[in-house]
Amino acid sequence: MTTVLEPPTHDEPLDAAPADDRDFRPTPGGWAARAALPIGSLLVLFFYLNHFAPVRADNLSNGLIIAVGALSLNVLVGYAGQISLGHQAFIGIGAFTSAYVISQSHQSFYVALVVAALVGATQAVILGLVALRVRGLYFALVTLAWGAVSEQCIFLLKGFTGGGAGANAPKPGGFTTDRAYFVLVAIALGVILLIDWRMMASKAGRAMQALRESPQVAANYGVNVNAYTLLAFAVSGFYAGVAGALYASRRTTVQAVEFSFASIALTYLIVTVVGGLRKRGGIVAFAILFELGAEWLPDLAKSLGLPRSFQANAGTYLQAVSGILAILTLIFQPEGLGTITGPIGKWLKGERFHLGHGGGGGAEGVNARP
Amino acid sequence: MLGVTLVTPIILGLVQGAGFGLVAIGLVLIYKSTRVFNFAAGEFATLGAFASYHFSHGFNILFISIPKLGLWAGAVAGIAVGAAFGLLTERFVVRPLSNRPKVTVLVATAAIATTAIALEIVLGATKSFRSGALVSGHPFVLQGVSLLWQELIVIFVLVLAGVGLAIFFGYTDLGLATLATSQEPTASRLMGIRLNRISMLTWGLAGALGGLAGVLLPPVTGSFFAAYGTTDLLIAAFTAAVLGGMTSVPGAFLGGILVGLVQNLALSNVDQNHFPGAPAVAVLVVLIGVLVVRPTGILGREA
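Sequences listed follow chains A and W, in order. Mapping of the first sequence onto this note's numbering: position 69 corresponds to residue 69, and the numbering continues sequentially without gaps. Mapping of the second sequence onto this note's numbering: position 1 corresponds to residue 1, and the numbering continues sequentially without gaps.
Quick caveat, the hints were computed from the structure, so don't treat them as lab data.
Example chain A residues on the side facing chain W (calculated, C-beta under 8 Å, incomplete): (1) LEU85; (2) VAL130; (3) VAL149; (4) LEU157; (5) PHE261; (6) VAL273; (7) LEU330; (8) ILE331.
Glycine included, every Cβ here is placed at the ideal spot set by N, Cα and C.
Take the sequences, apply the hints, and build the full model.
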């Protein structure tokens, strides 16, 4: 069987007219190739989960949780044009709420997930109330200080977290193994992606984007600036609460030290930026790549015969490199990994493959005015 | 009894506040000249602390090995590394992004902090380091609290930096040129001011001030570690700068002292067991209070 990877477009001029694209229908071979990509990816995933030790599945779950957290940040930074440098508060409060509901109130994981999402949304809205008064760069400082308050105060409250040394959050029945839990996390990510996609296609999504470009202009067009700013915070906090609850049960013990500025707020911001603001596919792809990199780099360093010190620090080097990658993304390619995933998504839907037509959202990466 | 819970935190607050002020003056310097919020400022200090520690104790990293050079050489190295890091940041990150929204630059400086923190973890793992005071011993005892020479040095250096920068902005052509570029870059360029030079000057100076804070503060506060500047200094320094309206050098100076006092009074008067993290909460309250009630800061005008 011959696999056709590209529809026969080689004799077309490169700058094909849009009208031509509109009439474009893939050949049966083209459709086969389009179907082969997702099916192939699923097969690779299945092989990856079953062939390697369960800990690989657990780490891949972490990649998907980072994706949910980064999507939460994307709502604020990408859609609404608010900056958050305190996302360890968003994620951590979700995680500790979930642990509290499971181990102190003795409810099921699913109840805890919903409560964590709602509590996450509530704390985000409270922060959003400040954002109505304090805009732009100054608000970034407030989020930074809020993150510090969560780390040094909220996560250590004995009544809420048991002092931060470890709150229990067992995995739910039926998903107690690492591989099964991965499936649960994947479903949750799928639901979040669906919500995000539908929200951005709605009036609320367009209103948020208008806010990002200019709150004044948006207000002139009848957008309720305050309401939609708060909505953006609520949605972001909701996603973050889900991410936190998933994180809690993945670790089964929630510790305050894991929710630090460097390991959550900065890392998630960088995943969001490199993945591409307003580019769901890019964000999920880079979150997974980031986790896989952290996981396989030590093995790779070992097989290449690099010094032991490098092997031990491989994950840290990855963090250093992703910081630099984020700067390069901001300077040269504001759409991030979305530059690649956008066209692939369009190709899968039956359009031609055009690199650089990721589409929509404006060219500027982070766009908000102080 | 009142003296114990008041005098100790006030003295500690003054000293720590002086350190915050030093970093805050660097933030103000950068904001005044390029209108950028520099979230890498804390790491300027951490890298300065690491450099001064490693140079004074000698190190052997990868292929470079440096012998034990002593505390003063280490201090110079710390300041130099801070300045160099500031200059690198300006050249490779801030300048290419100079025409972009300021939030983009903010995110980029946060990315620099991430990279710097990762490098520090490689250099020093997650250990805490104790660096030696430049001058040891304590000259006098005040209300039962013995002051260290190092603490006096920190306050003295802050006063020196504050006065120096106030003179720089108030009375020199270069200072005036720096202010002019922030307000009207195009016109300033037409008047013959080299924007890139000004930008390099302020980032280098801010880096050096950060490095200086990293050299001077850890011996007073106890220890430093990877991400020390971002976790322990950055928020306080930004709050100090905001208290000064982001543009006032004397305001940042006073703001630093005020934040140091607020943090230490909160720390020593609130029971950590019942209410952990009182200093962080106090800083958040001060920050939101200033931003909502008096966004122009305590001194209220650009100076």
